[in-house]
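Using the sequences and the hints given, assemble the complete structure.
These are the residues of each chain, in order.
There are 2 protein chains.
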Amino acid sequence: MVVCLTRLPSLIFTAQSIRRSPAFPRRRHNFFSLPRLSAASFSTQSAASSPPETEDRVDNLKSRINQERAVTPRSEDFSAWYLDVIANAELADYGPVRGTMVIRPYGYAIWEAIQEYLNVKFKETGHSNMYFPQFIPYSFIEKEASHVEGFSPELAVVTIGGGKELEEKLVVRPTSETIVNHMFTQWIHSYRDLPLMVNQWANVTRWEMRTKPFVRTLEFLWQEGHTAHATPEEAEKEALQMIEVYTKFAYEQTGIPVIAGRKSKVETFAGAVRTYTIEAMMGDRKALQAGTSHNLGQNFSRAFGTQFMDENGQRQHVWQTSWAISTRFVGAIIMAHGDDTGLMLPPKIAPIQIVIVPIWKKENEKAGVLNAASSVKEVLQSSGLKVKLDDSDQRTPGWKFNFWEMKGVPLRIEIGPRDVSSGSVVVSRRDVPGKQGKVFGISMEPSILEAYVKDKLDEIQLSLLGRATLFRDSHIVDVSSYDELKEAISLNKWARGPWSASDADELRVKEETGATIRCFPFEQPEGSKTCLMTGKPAEEVAIFAKSY
Amino acid sequence: MVVCLTRLPSLIFTAQSIRRSPAFPRRRHNFFSLPRLSAASFSTQSAASSPPETEDRVDNLKSRINQERAVTPRSEDFSAWYLDVIANAELADYGPVRGTMVIRPYGYAIWEAIQEYLNVKFKETGHSNMYFPQFIPYSFIEKEASHVEGFSPELAVVTIGGGKELEEKLVVRPTSETIVNHMFTQWIHSYRDLPLMVNQWANVTRWEMRTKPFVRTLEFLWQEGHTAHATPEEAEKEALQMIEVYTKFAYEQTGIPVIAGRKSKVETFAGAVRTYTIEAMMGDRKALQAGTSHNLGQNFSRAFGTQFMDENGQRQHVWQTSWAISTRFVGAIIMAHGDDTGLMLPPKIAPIQIVIVPIWKKENEKAGVLNAASSVKEVLQSSGLKVKLDDSDQRTPGWKFNFWEMKGVPLRIEIGPRDVSSGSVVVSRRDVPGKQGKVFGISMEPSILEAYVKDKLDEIQLSLLGRATLFRDSHIVDVSSYDELKEAISLNKWARGPWSASDADELRVKEETGATIRCFPFEQPEGSKTCLMTGKPAEEVAIFAKSY
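Residue numbers (the numbering used here), protein chains in the order written: chain A, 57 to 604; chain B, 57 to 604.
Honestly, the hints are just simulated from the structure, not real lab data. Where hints are given, some of them may not hold.
[Claimed, not checked] Here are the computed distance ranges between Cβ atoms for each label pair:
1) Trp257/A x Glu421/B: 42 to 50 Å
2) Lys422/B x Lys304/A: 33 to 41 Å
3) Asp534/A x Lys422/B: 57 to 65 Å
4) Gly424/B x Ser584/A: 35 to 43 Å
5) Ala126/B x Gln171/A: 37 to 45 Å
6) Ser195/B x Glu308/A: 54 to 62 Å
7) Glu515/A x Thr525/B: 49 to 57 Å
8) Thr287/A x Ser135/B: 41 to 49 Å
9) Glu223/A x Ser135/B: 24 to 32 Å
10) Glu223/A x Glu540/B: 25 to 33 Å
11) Gln171/A x Gly583/B: 46 to 54 Å
12) Lys510/A x Glu308/B: 32 to 40 Å
13) Glu367/B x Glu224/A: 53 to 61 Å
14) Ser430/A x Glu308/B: 30 to 38 Å
Here a beta-carbon is modelled for each residue, glycine too, at the ideal position from N, C-alpha and C.
Shown next as structure tokens:
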């Protein structure tokens, strides 16, 4: 049993408590809000965790074999479970530079599924893809006051190029509003050039102190949309449209019942007038900000002189938006649906939707079983499904069951000699463990099997959303006083209550409870409201929670 | 006529003669081989070319209007033509940092078409996409001797992160062999882990001195495949397979009759055992290296200790390959097919395959013509074609004809009032100018029109390849002596002749003629050969040419 060693990477990211108590939250991009640590705590670790190349590989192999074990149960230690799942399911690995991540094929395939869906939606809503350079002159970052305040502490800076010290330092893009506006200023002249609506798929870099795979890494992948409009109304409509695209994506593709809403002023993006967000509840009931859409107003167009001639011949600054979803969403999917056994993937974004496990004992059964398994694979694959046939004879069927369950494959098809004779298969659901999720005697007849499998996948997709919605709703508490809020947070729940208090009060809540306003949800209860903190009239409820 | 100003970007890249006479060609990656300039000639230009934000926009508009002009004819000045096409067709623009490029939607859509095709082929041939971090510890680059020699002069280096000087400088990846091997060493243990075959779509950075949009930029986009194998034969087979994928892509998708072959030792990739290449002839008869596939042997696996246990329990270093195609290919397409009028795009990679131009004079004709144009668009679009209906009333039909010809759209459909009454359209081919390329009276009947248009697009695709092949073959001269070689090069042709001379001789040819060995083509003439330089027996012919 010395096989499948690539399936046993060692634990690669340090589990870290990701509590947040930023003193200056406005300074930080909300996607990655984290406490600013003292500079002394930072150091670059080059390849510190990798084995020396001269070590005895055999010993290394042995120790790796000993590491073969199930993932830590989620119920036991959520953070350790998360890292185990990422390592054992081969979603990602640790890059040689501290805080960087290698996205492995299985993890990258989830990102590709995210890209495929969103890319179509962006084009349907009138956006074109393009590409802006990642090196930004340092002076650009300084042009928008709150932007520089937010980003300057976390920049990676190129100071040497072609062996020479550079005259002007170059920032590796943490986000592209500044360079986008520099270019927009050259392209936009008249109202006829508007709206200008573009998107790019790119890598971005933020020098984060505490990192966690997918959730917060030094470099990550994302899409960033950037638009310019002739009126503030259009920009607002666009910002809302894109948060709606994200919301629909989260619900329908990933089965995550995010709560969409508006950020508080304190939590608004550095440079935005208004930030909309989708907030997802993870399995440990922490909130994860899973996507944002910003109405930038004229902040960047004034800083960069991005003007147009309107229909009356008047020069005006354009109104803008930007919006982004990143590889962080892969982390959201892991933490929203996984269970003690490992990953549980929604069929619509699963790299493998069905795994086929052939079962035989006697050598003379093998050919028949493998034949049947192959033709089942053929049938399902040609109908557009993502199928894996695990026909290796290095592992027992039981091992394979566990392995593919840990990898979160939604459906398993088992085929043994008796199934071959009866022309049927056994189908097991990942989301319903044990016998309850197992159905015997599904016909191998292509049209019947295909219809059954597609139907089951739809059912699982909906079931995951339903379960996550129940989970979410049973952990949101309506509160009407600060004491109730504190109690809810201490019970590890989300607190929803009327809020019209000051920024200072909001920061006080954060310091005293560890919770922040995740958003003022778009869906608001009817009736008059009284601020939970001040007792004064409030127009909206806010949701408070601890978050990643 | 103060409209469509975004269509009039000013000339954005400095035209530069891109002659090459590297003294140490082995030090350079072949994708971007260029003379090393003295460090003094380098400076960072931040936003030097952008208009000051406070300038009078109205004056600027006026001056831009005056710039409206056709592209410089290709026959007059190839280099100016190239830059004009890129600017006027809005393929790319100048980034704020010297040598960087903004890829605009029309140019990016060509890259997307390249990606879509290759991505499928890579997966069909067993590769998975993944993502490696772009920051590489400086020490990694130094591990493979010829690799560091080749790349260290053109690195961009991050020295500051999160406001602190870094302990170890980080290289912004110029290519990923080093970090790939660092990870492979952790993932590969047994022969069962092999072959390991991955690809990534990513940006890379090389601090180039002379830049030219698409052809050579500080940052560019590419795919880089990386594989590890258990035997040298498998690695060789893979390297050859991927150059074959590239060759097929070049011929069938882009209509470029590249010549595939092996690089000379002098021109081999820094760190490779053998480099295969596809060489494309541009309209000015310079060669462009359009894709490479490297057999890396054990060079990187030895440097990084990437070993596996073979079936006999012996530890061996893996055999590897890497291969890449970049946004440079967009430059190849422009320069292979364009003509005096501008761009000419092969239908299979054209962002717009058909432009519909409605024509009306009287106001009462407009509705009928636009209706017909819309339904023709509908019909073609729903059959999977990429169609643009240019129904703006800001420009005359004549202006539109010129504009879309300059943008290289393969087919134009014209619809006027008379066509509406007769239920037919006029179809014009971009590749056959004037009346000869115009066919009247093609029925609007959906099935007829669709079939006709698809047929024409196929014809154009083949015609472009045929024309480029004729052009190529009429500019390759068989030579049997150095004098003949020199004459051919001085006539701006490619010289093909038997070669078995030394590296020193090869460098002498380069110095004296400006031409390099582009490759030893796979297709070799029969019979015995005598080296054109030494008169000694030669096994192969080589192709010499000046190149980008």
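Cross-check of the supplied hints:
1. At roughly 44 Å, the beta carbons of Trp257/A and Glu421/B sit within the given window of 42 to 50 Å.
2. Taken as a hint, the range 33 to 41 Å holds for the pair Lys422/B and Lys304/A, whose Cβ atoms sit roughly 38 Å apart.
3. The supplied range of 57 to 65 Å is met by Asp534/A and Lys422/B, whose beta-carbon atoms lie about 59 Å from each other.
4. The hint said 35 to 43 Å for the Cβ distance between Gly424/B and Ser584/A, and at roughly 58 Å that hint is violated.
5. For Ala126/B and Gln171/A, the Cβ-Cβ distance of about 39 Å falls inside the hinted range of 37 to 45 Å, so the restraint holds.
6. Between Ser195/B and Glu308/A the C-beta distance comes to about 47 Å, which lies outside the given range of 54 to 62 Å.
7. The hint said 49 to 57 Å for the Cβ distance between Glu515/A and Thr525/B, and at roughly 55 Å that hint holds.
8. For the pair Thr287/A and Ser135/B, the supplied restraint of 41 to 49 Å holds, since their beta-carbon distance comes to about 43 Å.
9. About 28 Å separates the C-beta atoms of Glu223/A and Ser135/B, a value consistent with the hinted range of 24 to 32 Å.
10. Between Glu223/A and Glu540/B the CB atoms are about 49 Å apart, so this pair departs from the stated range of 25 to 33 Å.
11. Roughly 53 Å separates the CB atoms of Gln171/A and Gly583/B, a value that falls within the hinted 46 to 54 Å.
12. Distance hint for Lys510/A and Glu308/B: a CB-CB separation of about 34 Å, consistent with the stated range 32 to 40 Å.
13. Look at Glu367/B against Glu224/A: about 56 Å separates their beta carbons, and that is inside 53 to 61 Å.
14. Distance hint for Ser430/A and Glu308/B: a CB-CB separation of about 31 Å, consistent with the stated range 30 to 38 Å.
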